[in-house]
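Peer 1: Letter by letter, the chains look like this.
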Amino acid sequence: DTAVSQTPKYLVTQMGNDKSIKCEQNLGHDTMYWYKQDSKKFLKIMFSYNNKELIINETVPNRFSPKSPDKAHLNLHINSLELGDSAVYFCASSPYDSRAKNIQYFGAGTRLSVL
Amino acid sequence: QKEVEQDPGPLSVPEGAIVSLNCTYSNSAFQYFMWYRQYSRKGPELLMYTYSSGNKEDGRFTAQVDKSSKYISLFIRDSQPSDSATYLCAMRQGNAGNMLTFGGGTRLMVKP
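Chains as they are written, first to last, in our numbering: chain A, 18 to 132; chain B, 272 to 383.
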């Protein structure tokens, strides 16, 4: 029973296309995240949502738009895909509590290749 | 210069060796320090968590934090081939928001 699940696992598309990645967590967490991991394994936060509300929005092009229909789901829509968007995108979730261990549970990742 | 620096490796050791993985950081506001393990084509999973300076041990793993030097370490005793993975350090400030800043990861290979 997967805790954080992302679909699709692989996404190959042409430059200029629009695509979406879906994420769902069944852990009852309030906070969800999107990270981008580049070819050098550097993992960088993109967005964070707490209970459907955006709380972190790092310097990300506005072609990237997160959408949280409820606190168990955080989808990522990308418009006008560019070559530099090729990376692995990870969804994660955690409890929202500054005293908590901040254990973030990650999905298996979506490998996006833009041709 | 990145906020968190980590030697990318790869680090290759024989089975049974003691492994030392390290990160340095520049932001003195970081208070929570974590190590994540990431197997190939999988998501990162939390391995160790430490608050402020000190040591923490969990089985074969020991995490150390030296805030005065802005330096954290993860030691793995009696390393096993199953420890072969990329190890990512991560840290965050004490305020809410739970934003983690990751190092670039060190790839470890333990050879039988």
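Rather than coming from a laboratory, the hints here were simulated on the basis of the structure.
Watch out, some of these pointers could steer you wrong.
Cut-off 16 Å, straight-line C-alpha distance, at most; resulting in silico cross-link-like pairs (EDC-like, lysine to aspartate or glutamate) [to be verified]:
| # | chain 1 | residue 1 | chain 2 | residue 2 |
| --- | --- | --- | --- | --- |
| 1 | A | Lys58 | A | Asp102 |
| 2 | B | Lys273 | A | Asp55 |
| 3 | A | Lys88 | A | Glu70 |
| 4 | A | Lys36 | A | Glu99 |
| 5 | A | Lys36 | A | Asp102 |
| 6 | A | Lys57 | A | Asp102 |
| 7 | B | Lys382 | B | Asp349 |
| 8 | B | Lys341 | B | Glu286 |
| 9 | A | Lys58 | B | Asp278 |
| 10 | A | Lys39 | A | Glu99 |
| 11 | A | Lys61 | B | Asp354 |
| 12 | A | Lys58 | B | Glu276 |
| 13 | A | Lys58 | B | Glu316 |
| 14 | A | Lys57 | B | Asp349 |
| 15 | A | Lys57 | B | Glu276 |
| 16 | A | Lys69 | A | Glu99 |
| 17 | A | Lys61 | B | Asp349 |
| 18 | B | Lys338 | B | Glu286 |
| 19 | B | Lys313 | A | Asp47 |
| 20 | A | Lys69 | A | Asp55 |
| 21 | B | Lys382 | B | Asp354 |
| 22 | A | Lys88 | A | Glu41 |
| 23 | B | Lys338 | B | Glu276 |
| 24 | A | Lys26 | A | Glu41 |
| 25 | A | Lys53 | A | Glu75 |
| 26 | A | Lys53 | A | Asp102 |
| 27 | A | Lys84 | A | Glu70 |
Peer 1: Quick one: which hint numbers does this structure break? Sort them smallest to largest.
Peer 2: As far as the earlier hints go, 8, 10, 11, 14, 16, 17, 18, 19 and 20 are violated by this structure, in ascending order.
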